[in-house]
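A.B. asks: Sequence:
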Amino acid sequence: MTTLEQTAAKPLPLRERHASRIRQMRLYAHMFCRSFSSMLGLTLVALFLILAAIGPWIVPYPEDTQGAVHMGARLLPPSLEHFFGTDEMGTDIFSRVIVGARTSLWIGIVITGLGALVGVPLGIIAGYNGGWVRACIMRVTELFLAVPGLALALAIVASLGPGLTNCMIALAIVWWPGYVRLVEAKTLAVKEELFVESARAIGARTPWILWHHILPNCMSPIIVKMSMDMGMAILAAAGLGFIGLGAPPPAPEWGAMVSVARSYMPDWWWYSVFPGAAIFLTVLGFNLLGDGLRDILDPRSRTR
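Letter by letter, the sequence shown follows residues 35 to 338 of this note's numbering.
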């Protein structure tokens with residue numbers, strides 16, 4: 035075997051095999067980091083994720099997150115002892131807001147995850163197969179989209195009963211149609227590409243094509259939508275909690291806290307301001323992060 039043949043037969047190092055992908059990831063990272071709004075969104079999301087992970091172990095009054103009552107300390111203003119003040123039961127609002135981050139983020143993850151888990155496969159099947167399969171899936175999707183999502187969620191929760199689990203189920207039921215429409219439109223475009231035609235020509239099976247060609251090319255819009263839907267799902271769940279259909283007390287859920295606090299406005303303003311600010315910052319963070327991901331993953335944005 036000649037030296038040239040030996041060189042050709044020797045496998046390339048891992049870094050060289052993935053050199054183009056590494057360059058692409060560096061370009062994406064550079065584009066993302068130079069955007070102030072994207073970095074702000076990433077910082078806010080990372081902060082709330084960290085709080086959700088370690089919150090129960092760092093709060094100054096962990097017993098207050100379980101419904102402890104301190105009537106002698108009720109409705110105290112913000113101070114060094116209680117950073118966000120106390121509520122009508124004397125519990126520390128700062129501790130409840132921090133621990134509530136885990137509940138709210140879990141709600142967002144479950145709703146967007148279930149919505150994508152149902153909507154993405156249906157969208158790929160509808161877009162790739164066409165015909166009566168696409169017609170059936172899209173008619174059912176349009177039926178769900180014809181009803182306002184929050185109104186439908188309210189009806190579902192009312193029939194299932196209030197509670198955190200029922201709230202997430204109801205919102206997940208109304209969340210999947212958006213993924214069906216997004217992925218179906220993307221699949222219609224991708225399935226006409228030459229690499230898909232080539233895969234069909236060599237006898238590749240449909241499941242293999244869907245998994246290796248269609249789904250990877252649909253991931254960019256799916257990732258962007260999921261990141262932006264996280265904030266919207268948290269906001270929708272907080273809305274249900276605000277009207278008493280979310281997590282029951284004494285669970286530290288932001289929407290429920292704002293709902294109770296409205297009776298104490300404006301004299302005890304800190305009761306509603308801090309949970310409301312947590313909702314606002316979380317939604318803002320995920321929206322800014324979604325915008326940043328869209329800017330780097332959308333080819334039309336990169337050519338501007």
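Simulated from the structure, these hints should not be mistaken for laboratory data.
In this text, all values refer to a predicted model and were calculated from it rather than measured experimentally.
Note that beta-carbon positions come from the ideal geometry of N, C-alpha and C, so glycine has one too.
Treat the hints with care, as some may be off.
Here are the simulated distance ranges between beta carbons [unchecked claim]: (1) Met59 x Val181: 15 to 23 Å; (2) Leu331 x Arg234: 23 to 31 Å; (3) Glu176 x Leu83: 16 to 24 Å; (4) Leu228 x Leu81: 25 to 33 Å; (5) Gly195 x Leu315: 26 to 34 Å; (6) Ile92 x Ala185: 25 to 33 Å; (7) Glu115 x Pro283: 39 to 47 Å; (8) Ala192 x Ala80: 55 to 63 Å; (9) Leu331 x Ala169: 25 to 33 Å; (10) Trp166 x Glu227: 48 to 56 Å; (11) Leu151 x Glu227: 24 to 32 Å.
A.B. asks: For every hint, state whether the structure bears it out.
C.D. replies: Against the structure, the hints:
no.: 1; hint: Met59 x Val181: 15 to 23 Å; in the structure: violated (41 Å)
no.: 2; hint: Leu331 x Arg234: 23 to 31 Å; in the structure: holds (27 Å)
no.: 3; hint: Glu176 x Leu83: 16 to 24 Å; in the structure: violated (35 Å)
no.: 4; hint: Leu228 x Leu81: 25 to 33 Å; in the structure: violated (45 Å)
no.: 5; hint: Gly195 x Leu315: 26 to 34 Å; in the structure: holds (31 Å)
no.: 6; hint: Ile92 x Ala185: 25 to 33 Å; in the structure: violated (39 Å)
no.: 7; hint: Glu115 x Pro283: 39 to 47 Å; in the structure: violated (24 Å)
no.: 8; hint: Ala192 x Ala80: 55 to 63 Å; in the structure: violated (36 Å)
no.: 9; hint: Leu331 x Ala169: 25 to 33 Å; in the structure: holds (30 Å)
no.: 10; hint: Trp166 x Glu227: 48 to 56 Å; in the structure: violated (24 Å)
no.: 11; hint: Leu151 x Glu227: 24 to 32 Å; in the structure: holds (25 Å)
Going through the hint list in order, the structure does not satisfy hints 1, 3, 4, 6, 7, 8 and 10.
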